[in-house]
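Put chain B on the given structure of chain A with help from the hints.
Residue numbers (my numbering), protein chains in the order written: chain A, 1 to 118; chain B, 1 to 114.
Heads up, some of the hints might be wrong.
Only pairs whose alpha carbons sit at most 20 Å apart, straight line, appear in this in silico EDC-like list of lysine to aspartate or glutamate [stated by the list, open to error]: (1) LYS78(A) to GLU14(A); (2) LYS57(B) to GLU44(A); (3) LYS68(B) to ASP84(B); (4) LYS42(B) to GLU106(A); (5) LYS42(B) to ASP84(B); (6) LYS78(A) to ASP56(A); (7) LYS5(B) to GLU11(A); (8) LYS42(B) to GLU11(A); (9) LYS58(B) to ASP31(B); (10) LYS71(B) to ASP84(B); (11) LYS78(A) to GLU44(A); (12) LYS24(A) to GLU62(A); (13) LYS57(B) to ASP31(B); (14) LYS68(B) to ASP53(B); (15) LYS68(A) to GLU14(A); (16) LYS78(A) to GLU18(A); (17) LYS58(B) to GLU106(A); (18) LYS42(B) to GLU44(A).
Far from chain B, some chain A residues (derived; all Cβ distances over 12 Å) [said to hold, decoys possible]: (19) GLN6; (20) VAL12; (21) ARG22; (22) GLY28; (23) GLN37; (24) GLU44; (25) PRO81; (26) PRO84; (27) SER87.
No lab work stands behind these hints, which were simulated from the structure alone.
Heads up, the beta-carbon is just placed ideally off N, CA and C, and yes, glycines get one too.
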Amino acid sequence: DAGVIQSPRHEVTEMGQEVTLRCKPISGHNSLFWYRQTMMRGLELLIYFNNNVPIDDSGMPEDRFSAKMPNASFSTLKIQPSEPRDSAVYFCASTPGRGDYSGDTEAFFGQGTRLTVV
Amino acid sequence: QQQVKQSPQSLIVQKGGISIINCAYENTAFDYFPWYQQFPGKGPALLIAIRPDVSEKKEGRFTISFNKSAKQFSLHIMDSQPGDSATYFCAARPNRGYGNKLVFGAGTILRVKS
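Same shape as in the complex, but just chain B:
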């Protein structure tokens, strides 16, 4: 049962544009929200992450916006570049139990057209 819903499934953006990917989670308690980037033939790699006590986090061209009351968070890629073309996964970590178990969204395939 998927607990993190991600949209859109795919996205095409012009070079220089803004890419926006959205995620929503359900009633399970989560305490950490990372985004992973995956290039073809590679494993996912951590891109940026946020804790629920912060509403926004920015690292270079990548920004996470977090709305705790709405249980939604999004990734914004400013000045999108062809090299950003990849699959992006949002994820959430339950705040109980062991380890760094992550629940992933279904993924968004981003294509940046030059």
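Next comes chain A alone, as it looks inside the complex:
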């Protein structure tokens, strides 16, 4: 398996523009997570899905952020309108967990999307 695939790897956009980040989880994984990484705040969980259903979006910073998972193999994180303070590395991760805390489930991360908003 190719692992978790994120696109694009790098994105530079102007303030006010819409940005869409994409993620393809590992096939068969039931849970998907979006994290944001900055020097100041470290790794922050934004939202996670279980079986394509959003479970906890309490980490989404503002209404400008939205995430969808239309099917088991694809998720998007959208920022509209983007602002310079959104500049960060955004990671997608997936786990094979059933969603009920069975076992010690490893989270597999993609390589991230480095977003720069100028």
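Just chain B now, kept in the frame of chain A:
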């Protein structure tokens, strides 16, 4: 609100030395404590993990020590090598809810000097 506090922020160790990174968690109930390793330009990857019913777990040069009463856990890297230079994150998983939601520490940048 950060629920896992990690220290130090950065660490420089001589080759062959011991690297020690500490984490402490607050009053939320957690049941699984993994450590992740991240190299530049890459996503974090699982390094080693421990359950709270065990006080220590060792895998090669990497050891987790866990103190349940103090709500602290630490990562020890023995015989540190330049290839261990990376950012290390401790994490904790709440024992309620769905999935494998992880709360991460702020990270420690480790540099091993050759």
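*Taking the numbered hints from earlier one at a time, note which ones the structure violates and give those numbers from smallest to largest.*
Hint check: 2, 3, 7, 10, 12, 15, 19, 23 and 24 fail, others pass.
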